[in-house]
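Visitor: Line by line, the protein sequences are chains W and V. Each step along the first sequence adds one to the number in the working numbering, with nothing skipped, and position 543 is 713. Each step along the second sequence adds one to the number in the working numbering, with nothing skipped, and position 72 is 554.
In short, the hints are calculated from the structure, not lab data. Fair warning: there could be bad hints in the mix.
[Unchecked claim] Here are the simulated lysine to any residue pairs, SDA-like style, with alpha carbons at most 20 angstroms apart:
| # | chain 1 | residue 1 | chain 2 | residue 2 |
| --- | --- | --- | --- | --- |
| 1 | W | LYS568 | V | SER604 |
| 2 | V | LYS516 | W | ASP547 |
| 3 | W | LYS568 | V | LEU606 |
| 4 | V | LYS516 | W | ALA542 |
| 5 | W | LYS492 | W | LEU480 |
| 6 | V | LYS516 | W | LEU548 |
| 7 | V | LYS520 | W | ASP553 |
| 8 | V | LYS551 | W | LEU480 |
| 9 | V | LYS497 | V | ARG609 |
| 10 | W | LYS568 | V | GLU605 |
| 11 | V | LYS551 | W | ILE527 |
| 12 | W | LYS445 | W | ILE425 |
| 13 | V | LYS516 | W | LEU567 |
| 14 | W | LYS686 | W | VAL668 |
| 15 | V | LYS551 | W | GLY526 |
| 16 | W | LYS719 | W | ILE512 |
| 17 | V | LYS520 | W | ALA542 |
| 18 | V | LYS516 | W | ASP553 |
| 19 | W | LYS242 | W | ASP272 |
| 20 | V | LYS520 | W | PHE554 |
| 21 | V | LYS520 | W | GLY552 |
| 22 | V | LYS551 | W | LEU523 |
| 23 | V | LYS551 | W | HIS529 |
| 24 | W | LYS463 | W | LYS719 |
| 25 | V | LYS516 | W | LEU549 |
| 26 | V | LYS551 | W | MET689 |
| 27 | V | LYS551 | W | ALA525 |
| 28 | W | LYS564 | V | TYR594 |
| 29 | V | LYS562 | V | TYR594 |
| 30 | W | LYS334 | W | ILE425 |
| 31 | V | LYS520 | W | LEU567 |
| 32 | V | LYS516 | W | PHE554 |
| 33 | V | LYS520 | W | LEU480 |
| 34 | V | LYS520 | W | LEU549 |
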Amino acid sequence: MKEKHYYSALARNMTLIIILVSVTPLILIAGMIGYYFETSYQEKVMEHLKEVVEKHQQHINSFLDEKLSCIKVLADSYPFDELNDDAFLANKLVILQNAYMDAFVDLGVVNSAGVQIAYAGSLKLLRADYSKAEWFHEAIKRDYYLSDVFLGLRSTPHCIVSVKKRRGDSEWLLRATIDFVAFNSLVEGIHIGETGSAVIINSAGELQTRPRNEPAPSIIEMSSRTLWGRRGGKNAEPVASSVEEIKRMSSGSNIVSGIIKAQNKNIIFILMPLKSGEWTLAYQQDQDDAFSKMNHARTIVVSIFVFGCLTIMLAALFVSRKLVSQIEKADVEKEIMNEQVIEAGKLALIGELAAGIAHEINNPVAIMVEEAGWLEDLLEEGDFEESQNLEEFKRSLKQISVQGVRCKEITHKLLSFARKTDPVHRDIQVNEIIEEILSICEQHSRFNNIRIQTDLDEHLPQISASPTEMQQVFMNLINNAIDAMGSGGGLLEIRSGVDGHNVVVDISDTGHGIPKGVMTRMFDPFFTTKPVGKGTGLGLSICYGIIRKLGGNLTVDSTVGLGTTFHVHIPIHAETA
Amino acid sequence: MSSGDLINSEPQQEKRVKILLVDDEEGYVTVLAKRLTKRNFLVKTALSGTEAIRILRNEPFDLAVLDLKMEGMDGIEVLKVFKVMEPKMPVIILTGHGSETAAREGIEYGAYDYLVKPCDLSELVERIREACAKGL
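Bound conformation, chain V alone:
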């Protein structure tokens, strides 16, 4: 959250990292997207699994942040589809407390890591950078 994050990120990232943010909690997605955008990420949001898949079909993303507990299509299912569509795209699971078991399951299905909501934004940013660095 400190200004250092922004300053450090700018010179390294010539091309802005493109993130797909999937969560059915609109208030959360909106503010998180704003904050990530402010940290020089290119953020697109989806409020459901199906919407996310539709978006991913049309344009590529560098990374996805995925909630597990969602109405309609479950996060794990979405993850499986993501991994089929874009096997190289890292996925970070961001879920509510109590879903750790499911999150660990997600890692088995190829997710990069998981974080528990509410989480420190700097931590999320760090994970995203790590994931992208590995992907590159």
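So that you can see chain W by itself, here it is in the shape it has in the complex:
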């Protein structure tokens, strides 16, 4: 019998091969599709975001240009004297406010000294001095100016558009305040998903709009340090030295985009120039948010994959265990079959040998008997009538004849035993087989001081079985019984009878009995209590197999110390029943 280890290794190998073969392509396919899907989806999302942001950039630019144009038209259309009149300005302000939905807060004329000499608006800013204001210094240098957002004198965030005009030697400015709320709403309009928001940042890194979500510092820094094409080189040059980590970045003439790691999460960012590159429109969104659908899909795919793998593993484990147990069973069956064939072969060989010997002995015995008979014949003639030993002669000759007949009987038994070594089923009288076997075992049992008692039913019906197999069964059981009693002697009882549709043979011994633990396993193949090399452990399982094959049953009663009885039930042959 192969060792347990062999089967567990077999099962393990099968499991591994099944898992490997089925999971490997799954991993490859899932990995490949996942990779391509993820890359293309990310690209799509980025493209979409860029488009949205670009649209807003154009929108904001046109908003600012529009406001500047209005002031320009105003400044170009009217001379200084007309504009330098609060009532006139107020009138124009109303027109502008009506046209642009309150985008303009106020209008004012500022002279070259920075003093607002005319004003229209809700605040009292006439005569306000802007000479120290930063925007004024910038504005006075240029023809058109759009300021950053600042708090200024009114302490609310706003920005200023101004047009510089010349009157004689002096210069003056027409300025308008653009409502922060109106401006802010433009930028605020860019919000995608949960975390996507935009903000305008000036070159100093100051926020020009109020964002929905606070932008990451690294994005502000990057925005402020990005040199847009018009300010420096040909392309935008993102400067990212102090940014925590840039995962991916691409830049063109008027767009910088990428993914950075900041605040412990990946953030997608898109930077675009505004106001000729002085401002930066910065859009940011958490990567998880932007790719939420993809992440969701990925979670589903991964769970399906994991579930699939687990199922495959379980199935592989189950299938290989099942297969191996089948193989193990088949191996055991094969082994039993082999052993049975060998046993049957042995019996046949013994039979052949016995037949040969019996035959050879037969002739000398016949001659001996005849010679003794001849001597008796001669004694009849009375030649030795006077011999004192005549009676002894006669007795001795008689004895030779009797023993010769005994020899004949023995050889006849051997020969009839040998003749039955074939596996073909035929009608059998169980009693005959038992008697034959007993005649063979007699010597062995007498040597061990074992008495044999038989109680065989004379009217026992025949059964249909192979004589060889029946010999095997009873030989085994009777030998076991004799072995169980050992050399201490005992009583071997064999009874045959009929019980319902079965012929029942009970074989009882007064041996050591069978312990409970052994009883449950005694019909198992390869189970033996005999020392190594003495028994194959197949005897009883072969008996059991043969009897079961005939539709019968083999049971056992045993008491430790008192003895054991085997009950053989074999169905009566239908025709003779």
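Given chain W, work out where chain V should sit, using these hints.
Guide: Then chain V, alone, in the frame of chain W:
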């Protein structure tokens, strides 16, 4: 084997029954021939089938006792030849144990009966008398 056999046989058999005994076991044939002669039979022995046929060709016999397992010519073959040469001569087969099937086959070929060796001589004598009585 009892003396009665001899006494009973003598008055009935004026002409002694002539028996051909065929067996390749010389020791057996010799002692059997002696014992049968003692029982007032006229016995001639042959140690092989061919020898038996040769003898039968030269003189007639009342009966043949034939072994089946013999070297050279097999008993059944000898029986067939006997039945062709002397169809009326009864043949009793006397064979070793284990050849019963062949012996039964022999009966199909016309043998009178068969006995298994070693057999009781009285039984053989009885069979011989029966066979002769039928033949007569």
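Visitor: Run every hint past the structure and note whether it holds.
Guide: Against the structure, the hints:
1. W:LYS568 - V:SER604: 15 angstroms, holds
2. V:LYS516 - W:ASP547: 10 angstroms, holds
3. W:LYS568 - V:LEU606: 19 angstroms, holds
4. V:LYS516 - W:ALA542: 12 angstroms, holds
5. W:LYS492 - W:LEU480: Satisfied, since the Cα-Cα distance of roughly 18 angstroms is no more than 20 angstroms.
6. V:LYS516 - W:LEU548: 10 angstroms, holds
7. V:LYS520 - W:ASP553: 15 angstroms, holds
8. V:LYS551 - W:LEU480: Answer violated: LYS551 (chain V) to LEU480 (chain W) is near 77 angstroms, above 20 angstroms.
9. V:LYS497 - V:ARG609: Distance of about 18 angstroms is within 20 angstroms: holds.
10. W:LYS568 - V:GLU605: Roughly 17 angstroms between the alpha carbons, so the hint for LYS568 (chain W) and GLU605 (chain V) holds.
11. V:LYS551 - W:ILE527: 15 angstroms, holds
12. W:LYS445 - W:ILE425: 14 angstroms, holds
13. V:LYS516 - W:LEU567: 17 angstroms, holds
14. W:LYS686 - W:VAL668: 29 angstroms, violated
15. V:LYS551 - W:GLY526: 13 angstroms, holds
16. W:LYS719 - W:ILE512: Holds - the C-alpha atoms of ILE512 (chain W) and LYS719 (chain W) are around 18 angstroms apart, at most 20 angstroms.
17. V:LYS520 - W:ALA542: With Cα atoms ~14 angstroms apart, LYS520 (chain V) and ALA542 (chain W) stay inside 20 angstroms; holds.
18. V:LYS516 - W:ASP553: 17 angstroms, holds
19. W:LYS242 - W:ASP272: Holds. LYS242 (chain W) to ASP272 (chain W) sits at ~18 angstroms (cutoff 20 angstroms).
20. V:LYS520 - W:PHE554: 17 angstroms, holds
21. V:LYS520 - W:GLY552: Measuring from Cα to Cα gives roughly 14 angstroms; hence the hint holds.
22. V:LYS551 - W:LEU523: 18 angstroms, holds
23. V:LYS551 - W:HIS529: 11 angstroms, holds
24. W:LYS463 - W:LYS719: Violated - the C-alpha atoms of LYS719 (chain W) and LYS463 (chain W) are around 67 angstroms apart, more than 20 angstroms.
25. V:LYS516 - W:LEU549: 14 angstroms, holds
26. V:LYS551 - W:MET689: 52 angstroms, violated
27. V:LYS551 - W:ALA525: 15 angstroms, holds
28. W:LYS564 - V:TYR594: 34 angstroms, violated
29. V:LYS562 - V:TYR594: 13 angstroms, holds
30. W:LYS334 - W:ILE425: Violated, at about 32 angstroms.
31. V:LYS520 - W:LEU567: Satisfied, since the Cα-Cα distance of roughly 18 angstroms is no more than 20 angstroms.
32. V:LYS516 - W:PHE554: 19 angstroms, holds
33. V:LYS520 - W:LEU480: Cα-Cα ~100 angstroms, so violated.
34. V:LYS520 - W:LEU549: Answer holds: LYS520 (chain V) to LEU549 (chain W) is near 12 angstroms, not above 20 angstroms.
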